[in-house]
Each structure stands twice: as C-alpha cells, then as structure tokens.
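Student: Below are the chains, spelled out letter by letter.
Number of protein chains: 2
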Amino acid sequence: MTESAFAGGNVGVVTPARFTHLEPFVLKCGATLPGFELIYETYGELNSTATNAVLICHALSGHHHAAGVHQEGDEKPGWWNTCIGPGKPIDTNRFFVIALNNIGGCHGSTGPCSPKPDDSGMYGPDFPVVSVEDWVHSQARLADHLGVRTFAAVIGGSLGGMQALQWAMDYPDRVRNAIVIAAAPKLTAQNIAFNEIARHAITSDHQFAGGHYRESGINPDVGLALARMIGHVTYLSASGMGKRFGRQIKSGDPRAGADVEFQVQSYLRYQGQTFSRQFDANTYVLMTRALDLYDPAADFGDDLVAAVARAKADFLLISFTSDWRFPVERSEEIVHALLRGRKNVSHAIIDSEHGHDSFLLPLPRYLDVLGTYLRRVHAEIEADAT
Amino acid sequence: MTESAFAGGNVGVVTPARFTHLEPFVLKCGATLPGFELIYETYGELNSTATNAVLICHALSGHHHAAGVHQEGDEKPGWWNTCIGPGKPIDTNRFFVIALNNIGGCHGSTGPCSPKPDDSGMYGPDFPVVSVEDWVHSQARLADHLGVRTFAAVIGGSLGGMQALQWAMDYPDRVRNAIVIAAAPKLTAQNIAFNEIARHAITSDHQFAGGHYRESGINPDVGLALARMIGHVTYLSASGMGKRFGRQIKSGDPRAGADVEFQVQSYLRYQGQTFSRQFDANTYVLMTRALDLYDPAADFGDDLVAAVARAKADFLLISFTSDWRFPVERSEEIVHALLRGRKNVSHAIIDSEHGHDSFLLPLPRYLDVLGTYLRRVHAEIEADAT
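Line order of the protein sequences matches chains A and B.
Take the first sequence: its position 127, counted from the start at 1, is 126 in numbering that gives the first Met the number 0, and no numbers get skipped.
Take the second sequence: its position 79, counted from the start at 1, is 78 in numbering that gives the first Met the number 0, and no numbers get skipped.
None of these hints come from the bench; they were simulated from the model.
Some clues are possibly wrong.
Because identical chains share one entry, a pair is satisfied inside a single copy or across any pair of copies.
In silico EDC-like links for lysine to aspartate or glutamate, alpha-carbon gap of 16 Å or less [stated by the list, open to error]: (1) Lys342 / Glu381; (2) Lys115 / Glu2; (3) Lys27 / Asp252; (4) Lys342 / Glu331; (5) Lys27 / Asp258.
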C-alpha cells in the first residue's frame with residue numbers, strides 16, 4: 000500500500016474543555032432541556048478572521064476525543080487521529096478543529112448519566128429522544144461560544160455525515176463545505192432492523208432494569224456486548240472478514256467440534272466485552288434511535304432535492320466500495336439530490352475491503368482525497384482574506 | 000408474476016412415522032449414541048423397483064413436516080409445501096418423498112430433549128456435537144429401513160444443500176442426483192460471526208442456565224428470540240426488506256420519537272417471539288455449530304475438487320441473486336469444483352429479491368427449473384426400468 004501524502008504528525012497532549020449552555024433548549028421531540036453541557040476538544044488555532052474552523056461530528060459510538068492523547072503514554076490516541084494533525088488531511092497547521100461529544104452521549108456531555116434538573120437522580124432512560132437536528136443546533140451554540148460564525152468545513156462519517164449534511168441545510172450561511180463520509184440520507188429497513196436487534200438485546204437484558212441499571216449498581220453487559228457484536232459485523236465487509244479471519248481456528252479440534260473456537264468468534268466476543276465496559280446502554284439506545292429517525296426529506300414531501308434546496312455549501316461525498324451498511328448507492332442518492340438542486344458536489348468512491356469501518360482507517364487514497372480537498376478549502380479561505 | 004407450470008396440488012393429511020436405530024452410532028466428534036430415533040414423513044408411493052425415492056434434507060430450523068397437513072383445518076402446511084405435492088416440482092405422483100427431522104433436532108428425533116441412555120434426565124447441553132456427515136449417515140440407515148437402496152434425488156436448501164452435497168460424496172452409489180439449493184461449500188467468517196452472535200445471545204441469556212433450562216422450568220426466550228431476529232435479517236435481502244417494509248411506521252409520531260415503532264421492528268420482534276416458543280435452544284446451538292464446522296474439503300488438503308472426486312451423481316445447483324448469506328458465488332465454488340472433477344452439473348441462478356429465504360418461496364422460475372429437472376430424472380428412471 001502506497002503511503003498517503005498526508006501521513007503527517009500528531010497533535011500531542013490535549014485537554015478536553017466544557018461549554019455550558021445556560022438557556023432552555025427545545026428538542027425536536029418537543030421536550031426542553033433547561034440547559035446543556037458539551038465536552039469538546041480543539042486542535043490548532045483559530046485565525047484572526049475566524050474563518051479556518053472545522054467541526055468534526057462523531058458517529059454512533061464516538062466522542063470528543065478525536066485526536067492526540069490525554070496524557071503522554073496513552074495507549075490509544077483519539078478515534079480519528081489518522082486524519083487530524085499537523086500535515087494530516089484535517090491539517091491542524093491550517094485549521095482550528097473542534098470535536099465534541101453530542102447531547103445524549105456518555106463521555107461528558109449532557110446525557111442519560113447527567114442529573115435531572117429537579118435533582119431526583121440521573122436521567123437514565125428518561126432522557127428525551129435526541130435527533131441529528133438537535134445535535135446540529137447544540138453544535139451551533141458551541142460555535143457561537145468559540146467565536147466561530149462560519150465553518151470552513153463540517154465533517155463527519157456515518158451518523159456524523161448526517162450531521163454534516165444537516166448543518167448545510169439548517170445553517171446555510173455558516174458552512175462553506177460539508178464533507179459527508181460513508182453516510183446515507185436515511186436508514187433502510189435493513190439498517191433499522193439491525194439497530195432494532197441491538198436495542199432489543201440491550202433492553203431485554205434483565206440487567207437493563209428498564210434503564211435504571213446504574214441506580215441498582217448493575218450494568219446490562221450482556222446486551223451491550225451483543226449490540227456491539229451485531230453492529231461490528233455490519234461495519235466490516237464479508238471479504239474483509241474473510242481475509243482477516245477466514246476459518247482460522249483459535250482453539251479446539253474442528254473434528255471434535257464442541258470446544259472449537261474460530262478466531263472471528265473470539266474477536267467478536269472481545270469487541271463486545273470491551274465495549275460493554277465503556278459505553279452507556281441508554282446512550283446506545285438514544286443514538287440508534289436518532290439514526291433510525293433521521294429523514295431530512297420527510298418534511299419536504301419525501302423530496303430530498305427540496306430538502307437540500309436551502310444549502311449553500313460545497314459538498315464532498317466519500318463512500319467505500321465494500322460498505323454494505325451505507326453502500327456507495329446511498330451516497331449517490333445524496334449526490335443526485337444535490338446535483339438536481341444545482342449544488343457544487345464531488346463524490347469520491349474509495350476502493351476498500353474494510354466495509355463501513357473504512358472511514359476510520361488510514362487508506363491512502365481516502366486520506367489523499369480528503370487532504371487535497373481541504374488543502375483547496377484552505378487556499379480559498381486564504382485568498383478571500385487577501 | 001407468471002404462475003409456475005408446477006403449481007400442483009396438496010398431499011393432504013399426513014402422519015409422521017418413527018424409525019428406531021437400535022445399534023450404537025458413532026458420531027464424527029467421537030461420541031457414540033447407543034441408538035437413535037428419527038421422526039419422518041413420506042409422501043407418494045415407492046415403486047416396485049424402489050428407484051423413485053427422493054430425500055428432503057432440512058435447514059437450520061426445519062423438520063420432518065415438509066408437506067401436507069397433520070389434520071384437516073391445520074393453518075399451516077409443511078415447510079416446503081410449495082414444492083412437494085401432486086403435480087408440483089417434487090411430484091408425489093412420480094416420486095416417493097421422504098422428509099425427516101435430523102439427529103440433534105427438537106421435533107421428535109433424538110436430540111437434546113431426549114432422555115440420556117443412563118436415564119439421568121434429558122441430554123440438554125450434553126448432547127454431542129453433530130455434523131452434516133452424521134446426518135447423512137443416519138439418513139442412510141433410514142433409507143435402508145425403508146428399502147431404498149438408491150435415491151433418485153437428494154434435495155436440500157441451505158444447510159440441507161450441504162447434506163445433499165455430502166450424500167453424493169459419502170454414498171456415491173446411492174444418489175443419482177444431488178440438488179443443492181442456496182448452499183455453500185463451507186461458511187465464511189461473516190457467516191460464522193452471525194452464528195456466533197446468535198449462539199451468544201442464547202447462551203448468555205440468564206434463563207439458558209448452562210443449557211439446563213428445562214429442568215428448571217424456564218426457557219431462554221429472550222436469547223432465542225434475538226438469535227432468530229439476527230438470523231432472519233440475514234435470510235432477507237436489503238432490497239426485499241425495503242420493498243416490504245421500507246420506513247413504514249406501525250405506531251407513534253416520528254417527530255416525537257420515543258414511541259415510534261417501524262413496521263420492520265414489529266415484524267422482527269414477532270418472528271423472534273414466535274420462534275422462541277417453538278424451538279429448542281440447545282438444538283439451535285447444535286445446528287449452528289454443525290453449519291460452522293462443515294468443511295468437506297478440510298480432509299482433502301482444502302481441495303474441494305479432491306473432496307468431490309468420489310461423487311457419481313448428477314448435480315443441480317440453484318442459487319438466488321439477492322441471497323447474501325450464501326451468495327451465487329458460493330454455489331459457483333461448488334460448480335467449479337464439480338466441473339474440474341468432470342461431474343455433470345447444472346447451475347440455475349434465479350433472479351429474486353427475497354434473499355436466502357427464496358429457496359422456500361414459490362418463485363415461478365425456481366419451481367420450473369426444479370420441476371423440469373426432476374421430470375427428466377423421472378423419465379430416466381422409467382427408461383432404465385424398461
């Protein structure tokens with residue numbers, strides 16, 4: 000594999016910050032939060048004209064820690080460290096990059112683990128249904144706070160891509176470029192089915208306790224692990240799994256049978272167990288529901304062209320050939336709607352065997368497309384300033 | 000949709016029969032059953048030369064009740080009633096059709112719900128690991144009992160197709176035709192992953208009780224339902240689910256969010272609940288393990304051509320365009336091996352939106368291919384007799 004021209008360096012040690020929004024915040028579902036808190040990180044410096052900000056929107060299980068480390072020696076850097084850093088595609092020498100944890104999350108922003116306004120304990124399962132639109136509006140409040148009127152780019156993969164798309168529709172004057180990666184304009188029945196099974200695994204775990212597990216000092220580990228295992232298989236491709244695991248045996252004699260464990264079994268169980276220790280079950284339910292319900296064309300007579308009409312951004316769509324969760328054709332749906340709405344849109348289809356997970360991986364052509372596009376974005380900002 | 004030329008009639012009321020094998024039966028895993036019982040049904044009449052017998056092998060959740068009804072007024076006929084009957088593709092006016100429940104099953108054959116030989120209760124989780132090869136050998140004992148030396152055809156879909164393939168290898172002189180539908184020569188890592196998640200859902204349900212649920216008067220309903228939901232999504236295609244369910248709402252307001260239920264959610268939950276009341280959890284674990292471990296080429300240096308060398312049957316492979324569990328290419332693998340082994344083989348690829356489940360459906364072209372092939376098989380038998 001040829002290395003990307005955007006291999007780059009690391010942002011180093013970063014410290015999360017908090018933004019507190021003290022006014023009531025009305026959610027799409029009709030509920031009102033009396034306020035909210037967002038945990039976020041920034042990388043790079045905001046320029047004097049505040050034109051070089053880039054917003055990173057996270058996917059289902061993501062959070063604010065997108066790049067760098069929290070302390071020297073951290074084993075793992077942020078989840079998108081391959082893309083964010085000096086000289087990397089999202090170049091922190093050029094851009095002021097903001098990453099946050101969304102409302103409803105479990106990494107420090109207001110969510111099911113936060114105390115209820117009346118101090119009667121934590122929200123738990125009573126946290127209101129959140130939507131992509133709610134996230135976008137709360138992110139806009141964070142941008143206000145940080146002095147960012149207009150983003151050079153809003154970028155996200157998967158559920159994060161839906162936020163980037165929604166940003167361009169809801170704040171047409173505040174987004175110069177929307178970079179929508181491995182996304183879809185709405186979920187299919189199959190997508191919803193997999194989410195439903197994951198939620199069902201969680202909520203039918205007797206340790207879920209109707210969502211009040213924390214008060215009881217328990218955790219629906221089994222259900223969360225299953226949810227992750229199901230999700231994980233849909234993030235990988237059949238061919239990618241074949242190359243990585245095939246039918247390799249981890250232990251046991253395939254003739255004897257009973258105690259045989261294939262490598263792929265062991266891998267999935269490990270993924271499930273690790274996740275169940277790190278993620279909140281109520282948040283998982285909220286996030287998958289936001290995915291299921293996202294449908295920007297619904298208020299426009301199911302016409303995506305009408306829905307995107309108000310957008311003014313330039314668009315970069317990126318999709319991956321082996322992604323069967325949000326296949327290339329789902330990005331094409333967005334592309335077609337944007338083209339019919341006479342928007343500037345590019346679509347890069349990246350050959351990859353890594354399925355939906357590709358958007359998190361350092362695939363050279365992917366990094367090159369993203370980096371080259373953003374290099375141009377930066378040049379345009381600079382040109383406008385002179 | 001044009002109707003098939005093989006729409007045909009029904010076999011009417013059928014009564015299951017039992018075959019008891021009283022001698023020790025050594026399984027591939029090394030364990031020995033002191034004997035076994037098979038529950039089976041037959042449709043049509045064995046001819047005087049015993050050359051018109053057809054064996055039906057069932058898939059993961061199948062059983063012996065393949066056609067007809069058990070009493071007048073039964074709501075549902077046998078699971079393959081669309082294909083078996085007078086004038087149907089597997090024509091009971093021409094063939095003597097045998098369908099059975101495999102060893103390890105939960106519909107009446109020796110399995111986890113059977114008493115242990117030492118009368119210390121039922122087998123439960125201690126039932127030995129069974130394999131496709133074990134099933135084939137036990138089916139051969141049933142054939143002996145019924146006076147069938149040579150089958151006109153052994154037919155099966157999915158896991159049943161693997162049995163048809165194995166019959167042709169293990170009893171080359173007893174199978175004139177092997178009809179292998181929607182099958183694969185072995186599972187991929189992705190196939191194993193889905194089976195693993197289903198098993199994990201069952202065995203990690205606290206009501207599974209290590210497999211001793213029946214003694215405790217409980218049942219792992221939650222785990223079994225999840226296993227079925229996972230399996231079910233893999234039996235359908237994304238496009239088929241899209242056409243059938245799309246994003247139709249069953250109840251609730253998609254803007255409000257919290258109580259929204261999509262049709263596909265409701266459907267899947269119903270499928271899961273129904274299944275959990277009808278199927279035995281230990282059997283589900285056994286059957287999926289047999290699927291995972293099936294790999295006829297393993298004893299031939301992973302060379303499928305060498306594995307099929309001993310077969311003498313003619314082969315009909317049938318696969319379906321939207322089947323992503325066992326895609327067309329998996330049948331092609333078998334076809335290539337058979338062709339390189341200079342076997343007579345035909346492969347029909349049927350256009351269908353119904354995914355893996357297609358093999359159970361009355362798709363006209365599918366019924367026509369199967370019926371026309373078997374009409375020729377019958378003509379050859381008749382010609383040989385004269």
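Student: Honestly, which of those hints from before does the structure not fit?
Tutor: 1, 2
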